[in-house]
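Undergrad: What follows is each chain in one-letter form.
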Amino acid sequence: MTPDLSVSLGPLRLRNPVLVASGTFGYGPEYADLVDLSRLGAIVVKGIRLDPTAGNPPPRTVEVASGLINAIGLQNPGVDGFVRDYLPFLRRHDVPVVVNIWGRTVDEYAEVAGRFDAVEGIAALEVNVSCPNIKEGSRAFGTNPEMFRRVLDAVRARTRLPMIPKLAPNVPDIAAFARDAERAGADAVSLINSMPAMAIDIETRRPRLGHVTGGLTGPAIRPIAVRCVWEAARAVRIPVIGMGGIMTAADAVEMMIAGASAVAVGTANFVNPLASIEVIDGLRDYLARHGLASPRDLTGSLRT
Amino acid sequence: MQLETGRIVEQRSGAGVYRRLVVDAPAIAPRVRPGQFVHVRLPAPADALLRRPFSVFKTGGGRLEILYKPVGRGTEAMRALAAGDAVSLLGPLGNGFPPCPADADAVLVAGGYGMAALYLQARDGAARPGTVFAGGKTKDDILCAGDFAALGWTVRPATEDGSLGERGLVTDALRRWLAGEGAASRPAFYACGPNGMLKAVGEIAIAAGRPAWLSIDRHMGCGVGACLTCVQKIRAPDGGWMWQRVCREGPVFECRQVVWEDESP
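Heads up: the protein sequence lines correspond to chains Z and W, in order. Under our numbering, the letters of the first sequence match residues 1 to 304, in that order. Under our numbering, the letters of the second sequence match residues 1001 to 1265, in that order.
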């Protein structure tokens, strides 16, 4: 029996449950020489706001034990730049495009969502309320329940596209945020975003990042992500997209057993450009080996 | 760009603490142009995630050679690679040096193992041999001078401690040469080394009204343009600046494009 890998995330139909995570796959062309984009469940592009943003001064990333701390500062071409310079390339490939959106104010989130609502060729919006690298209050959007609800209500009012809030891991009760997202009309939630972190050069006593603090990604955060996915998935009926340090198919399977309906491969792309393809193939093999017909049979199958 | 599992042919000591690694990589090696690099996945150390970028020093017969200095846990781990070991390579990456125009005299300027990034330019990027200025703190930092000499190039070493060649900075040696022996030349400069050296080469080229192509080294993440780690300020058409990716739009930029950290555009 060959398992059928296709999944539904609310109104979104994907050929398989393996996405590439925002900020780790550029806008598509960067890996297109090596990765057949049409094999991916979806591409989540790097966060877009209304206007182009230069991002933070270097150093922007630092490697730490089993992880990477980044403070890119959401460098991006803005809505118009993305639609003009990058979207046409993506639309030539048979792959759903999920646009990660952000803003510095509630109104900006709403405006960006409204602009993308009118654009052809976009499958869903991932609402980035939780990037740790924006100073002007964006962190508060992801960790303050009141701000979180205001952003989601504003985005929901401006778009018919599937809305997928991306949740922060650094909250005392991630299930509460997942429930608020569901109440606000989210079609799915994705988690986790990077974990706020810091590293110091002890010889110079300077921070290793230009922005001083950043967000930790990679295998170092995977057990945190698994726990968050487990807590969130039990709290809501909408699907959970699990991410955080997935390097292999085994890591993806673990995330799905915890409750994820789909997964995203992130930092692994930087190490092994074929990681997402290997996760898809390995997931199919795992399902076949365990006599499971669909990834749905794996989701939330934790035995306790 | 190819992803290839290469086989280590040999690893040996170079000058001082530098090491040479020869890898059989028949898909990547023939495609490398001067100034391009490969991104190497490290063997084993479980907690060091990212690949490490290295200029391609030499190519030939389906093999490529890199020159490196063990400076951290990633490059330390590379010392353990032995003949027959497999290593994952991503490459060739980056834009590389443009060929030297026929009416120009190629002048290469290297700091330390910047020499490694320039060898293919000497071999393949210039119609006739030129001059290589090789700088370092001490004589052990002057690498592979013999390889350039074997191509017929004139190697002019400069060391800060005077242990080999002229005493002082390599860019001071370059200035003296341009004012004297090289005064009649029409140089096109190709440089790789520390930022301070690259900036000085750029200033020399601008003063001389000649082109200088600088290979910039920046802390790098993915190597293909996705992670936006290795950004460099580059002059924008509107007179301001913009970030460009050293791994994708670079690593080679003409000196007039580069905005250094301590200047405004």
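Incorrect hints may have been included.
To be verified - Using 25 Å as the maximum straight-line C-alpha spacing, the simulated DMTMM-like pairs for lysine to aspartate or glutamate come out as follows: (1) Lys1069/W <-> Asp1105/W; (2) Lys1199/W <-> Glu1166/W; (3) Lys1058/W <-> Glu1181/W; (4) Lys1069/W <-> Asp80/Z; (5) Lys1137/W <-> Glu203/Z; (6) Lys1069/W <-> Asp201/Z; (7) Lys1139/W <-> Asp1085/W.
Keep in mind that the hints were calculated from the coordinates and are not lab data.
Undergrad: Would you mind marking each hint as holding or not holding in the structure?
TA: Status of the hints after comparison with the structure:
{"no.": "1", "hint": "Lys1069/W <-> Asp1105/W", "in the structure": "violated (31 Å)"}
{"no.": "2", "hint": "Lys1199/W <-> Glu1166/W", "in the structure": "holds (20 Å)"}
{"no.": "3", "hint": "Lys1058/W <-> Glu1181/W", "in the structure": "violated (30 Å)"}
{"no.": "4", "hint": "Lys1069/W <-> Asp80/Z", "in the structure": "violated (45 Å)"}
{"no.": "5", "hint": "Lys1137/W <-> Glu203/Z", "in the structure": "holds (22 Å)"}
{"no.": "6", "hint": "Lys1069/W <-> Asp201/Z", "in the structure": "holds (20 Å)"}
{"no.": "7", "hint": "Lys1139/W <-> Asp1085/W", "in the structure": "violated (32 Å)"}
Checked against the numbered hints above, the structure breaks hints 1, 3, 4, 7 and satisfies the rest.
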